[in-house]
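Student: Sequence:
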Amino acid sequence: GKSPLHLIIKRRCLKMIETLIDKGFDLENEVCSYPLFHYFVYIHYVSGVELLLRKGVDLNCKDKRGKSPLHIAIRRLHIDITQMLLNKGAIVDIKNWED
Numbered sequence: 001g002k003s004p005l006h007l008i009i010k011r012r013c014l015k016m017i018e019t020l021i022d023k024g025f026d027l028e029n030e031v032c033s034y035p036l037f038h039y040f041v042y043i044h045y046v047s048g049v050e051l052l053l054r055k056g057v058d059l060n061c062k063d064k065r066g067k068s069p070l071h072i073a074i075r076r077l078h079i080d081i082t083q084m085l086l087n088k089g090a091i092v093d094i095k096n097w098e099d
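Numbering (the UniProt record's numbering), first residue to last: 1 to 99.
What the hints contain is simulated information worked out from the structure, not anything from laboratory work. Among the clues, some could well be false.
In the SDA-like style, the derived pairs of lysine to any residue whose C-alpha atoms are separated by at most 20 Å in a straight line are [as the list claims (entries may be wrong)]: (1) Lys15 - Asp63; (2) Lys67 - Gln83; (3) Lys64 - Arg76; (4) Lys23 - Arg75; (5) Lys55 - Lys95; (6) Lys64 - Gln83.
Work out the full structure, taking the sequences as your base and the hints as a guide.
Tutor: Following this line, the structure appears as structure tokens:
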């Protein structure tokens, strides 16, 4: 089954996600095997990515495969998120386990 968090994300309930974060939700918590930030990038949830950046998430954090959100945005051809991450200072030459 899906957790309440999955349903909130699937329905893109940004206000509820923000409330969870404000109440201390662990941003490193995984959703579908991705940290929350990586998952938002993966599903192209632009408002969610913007929210996490406002909340101070590490934009160069790596998942268990060594991928940063920028790696995922580029691989999935999410140009808008790629540009957003670059504008916020994402490290361009960050290495993952494939490099």
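Student: Each hint should be assessed against the structure and marked as holding or not.
Tutor: A quick look at each hint next to the structure:
With a C-alpha separation of about 25 Å, the suggested pairing of lysine 15 with aspartate 63 is violated against the 20 Å cut-off. As the CA atoms of lysine 67 and glutamine 83 are separated by approximately 17 Å, the hinted pair is consistent with the 20 Å bound. Of the pairs offered as hints, the one joining lysine 64 and arginine 76 holds, with about 18 Å between alpha carbons and a cut-off of 20 Å not exceeded. A distance of roughly 32 Å separates the Cα atoms of lysine 23 and arginine 75; the hinted pair therefore is violated under the 20 Å criterion.
Our distance criterion of 20 Å between C-alpha atoms is broken by lysine 55 and lysine 95, whose separation comes to about 25 Å. Only pairs whose Cα atoms come within 20 Å are accepted, and lysine 64 paired with glutamine 83 is rejected, the gap being roughly 24 Å.
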